[in-house]
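Student: Using the sequences and the hints, build the whole thing.
Line order of the protein sequences matches chains B and R. Using this note's numbering, read the first sequence as starting at 1 and increasing by one per residue. Using this note's numbering, read the second sequence as starting at 1 and increasing by one per residue.
Any given hint could turn out to be false.
[To be verified] The calculated DMTMM-like cross-link candidates involving lysine to aspartate or glutamate, where the alpha carbons are at most 25 Å apart (straight line), are:
id, chain 1, residue 1, chain 2, residue 2
1, R, K12, B, D86
2, B, K126, R, D225
3, B, K126, R, D105
[As the list claims (entries may be wrong)] Stretch by stretch, here's where chain R covers chain B in the computed footprint (C-beta under 8 Å, at least three residues):
id, segment
4, 62-71
5, 97-104
6, 119-126
7, 166-176
What the hints contain is simulated information worked out from the structure, not anything from laboratory work. Positions of the beta carbon are idealized from the N, C-alpha and C atoms, including for glycine.
2 protein chains.
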Amino acid sequence: MSDNLPKPEKQKDLSAAIAERIRQDILSGALVAGDRLPSESELSEAHGVSRATVREALKRLAAQSLIRTKRGATGGAFVNQQSFEDAYAQMASSATLLITLNNVDITTACEARFALERGCVRLAAKHRRDHHLDKMRAEIARQKDPELSDEAFCASDVAFHRALVDAAGNPVLSWQLAAAVEGIEPLMNMLTYRQRDRDAVISLHEAMVEALEARVGARLEILMDYLRDQTLRTALD
Amino acid sequence: MSDNLPKPEKQKDLSAAIAERIRQDILSGALVAGDRLPSESELSEAHGVSRATVREALKRLAAQSLIRTKRGATGGAFVNQQSFEDAYAQMASSATLLITLNNVDITTACEARFALERGCVRLAAKHRRDHHLDKMRAEIARQKDPELSDEAFCASDVAFHRALVDAAGNPVLSWQLAAAVEGIEPLMNMLTYRQRDRDAVISLHEAMVEALEARVGARLEILMDYLRDQTLRTALD
DNA sequence: GTGGGATTAATTGTCTGACATTTATGTAGG
DNA sequence: CCTACATAAATGTCAGACAATTAATCCCAC
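Tutor: Shown next as structure tokens:
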């Protein structure tokens with residue numbers, strides 16, 4: 001970050017260079033969501049390269065969901081409205097890759113997850129609505145089924161916490177947290193819960209819903225810490 | 001995660017489909033970092049498509065920094081070790097796009113940033129080392145220069161908080177937070193600080209370093225809340 | 001035998017031109 | 001008015017060629 005080279009954009013492939021130019025046009029606002037790029041033929045002429053090279057550049061941008069393409073008479077490449085869903089999917093994918101490919105240990109991952117989530121609970125206590133409580137209670141009910149597989153239990157846990165984060169009413173926060181939690185899910189799926197562990201988690205979930213209903217953020221923070229410790233104990237058995 | 005469609009991979013372009021197949025091979029562990037993919041000719045034959053189509057698929061993967069390519073006799077496409085730097089760059093880019101292209105207001109962005117950061121300060125208090133304090137003090141010294149432009153002040157502020165997050169000693173956390181903060185930076189750069197605002201921020205920074213040195217996480221949380229309120233006041237003047 | 005330069009082979013990067021497919025639009029006929 | 005067909009524009013795919021890069025190999029002079 002500190003060594004921000006001013007002009008290091010040589011040595012690159014043409015397709016990468018062209019992709020970068022278009023990318024800058026989008027970032028700078030010269031191209032805005034919905035705009036149609038020139039056709040591949042026009043782009044190839046404008047940049048002095050073949051159509052194949054232009055196509056490779058466009059595929060790079062498409063892979064980052066910066067553009068989408070449509071065939072047919074009114075088709076072409078269009079600048080994408082970077083939806084929260086797109087960004088979420090990308091971040092979650094990024095997080096999953098990073099964690100699985102770098103053998104991040106579950107202690108580190110859990111610590112990060114609970115630390116991030118902890119930061120949201122005061123906002124959640126302030127802005128929560130009844131449907132958030134309903135969702136969380138529904139997940140708790142599901143978690144009480146002793147027949148539930150570890151994986152399903154974990155999925156329900158994720159849904160529970162997602163609702164908690166959504167209660168903060170801040171889309172940027174929901175998006176960041178959801179991506180982080182989903183990235184960690186593969187690791188969490190490797191946990192095996194004894195029934196005693198599950199009971200402890202469920203009790204904490206119930207206490208959290210109560211605290212959320214009463215809008216007591218400080219209590220939620222304490223409960224989050226308990227939950228983190230409980231999860232780490234489960235992981236280290 | 002719940003609606004994991006089993007076979008929705010029709011209707012797509014060949015290049016996208018092939019990219020997805022290779023991507024799954026990487027995610028599943030069939031291909032690990034450092035492995036060399038078959039040559040473009042071999043891939044085109046194996047998948048029954050032309051080399052141009054294979055190349056478009058590879059460019060998609062390269063755009064996600066899942067692979068890198070090298071020319072020459074021992075060249076080819078190699079599975080990337082997904083470094084924290086790569087993941088960080090991607091997440092930061094994602095965050096920037098999301099925030100700028102969706103006109104997220106600065107209140108929402110600030111709220112999210114400080115909420116996330118707040119979750120880290122207890123860990124930071126626990127794991128901080130002297131060089132973190134040194135870095136933060138150095139940034140404070142820079143911030144005291146009244147000649148500093150608003151943009152430079154903001155950059156120093158980012159560096160200060162980055163050091164704070166790094167002090168938590170958790171790479172996953174550092175990576176998530178740094179990306180979030182950098183994504184918000186374009187918005188923060190639009191703030192104009194009066195000298196009074198700057199003095200207030202600097203005082204809080206100094207108090208934070210003291211609290212961090214004394215390892216008092218609770219005090220750090222309170223200071224973060226003050227800092228958030230101060231920043232929001234600056235934004236809404 | 002050894003060092004160094006030329007050769008060679010493998011691979012990605014780029015270009016060209018063609019054809020297939022998709023999709024909106026215009027047009028003629030009922 | 002509505003349908004069916006032709007048309008045009010754009011992306012998607014293909015085949016083949018050549019350029020550029022790089023490591024390994026060969027060969028020859030010393």
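Student: The structure should be examined with respect to each hint, and the outcome stated for every one.
Tutor: Each hint tested on the structure:
Our distance criterion of 25 Å between C-alpha atoms is met by R:K12 and B:D86, whose separation comes to about 17 Å. Pair hint B:K126 plus R:D225 holds up; C-alpha atoms about 14 Å apart against a cutoff of 25 Å. Taken as a hint, the B:K126 and R:D105 pair is honoured in the structure, with Cα atoms around 19 Å apart against an allowance of 25 Å. With 4 residues carrying a beta carbon less than 8 Å from a beta carbon of chain R, the segment 62-71 of chain B meets the three-residue requirement, and the given coverage holds.
Counting residues of the segment 97-104 of chain B whose C-beta sits closer than 8 Å to any C-beta of chain R gives 7, which meets the bar of three, so the coverage hint holds. Given as covered by chain R, the segment 119-126 of chain B passes the check, having 4 residues with a CB less than 8 Å from a CB of that chain where 3 are the minimum. With 7 residues carrying a beta carbon less than 8 Å from a beta carbon of chain R, the segment 166-176 of chain B meets the three-residue requirement, and the given coverage holds.
The structure fails none of the hints (numbered hints given earlier).
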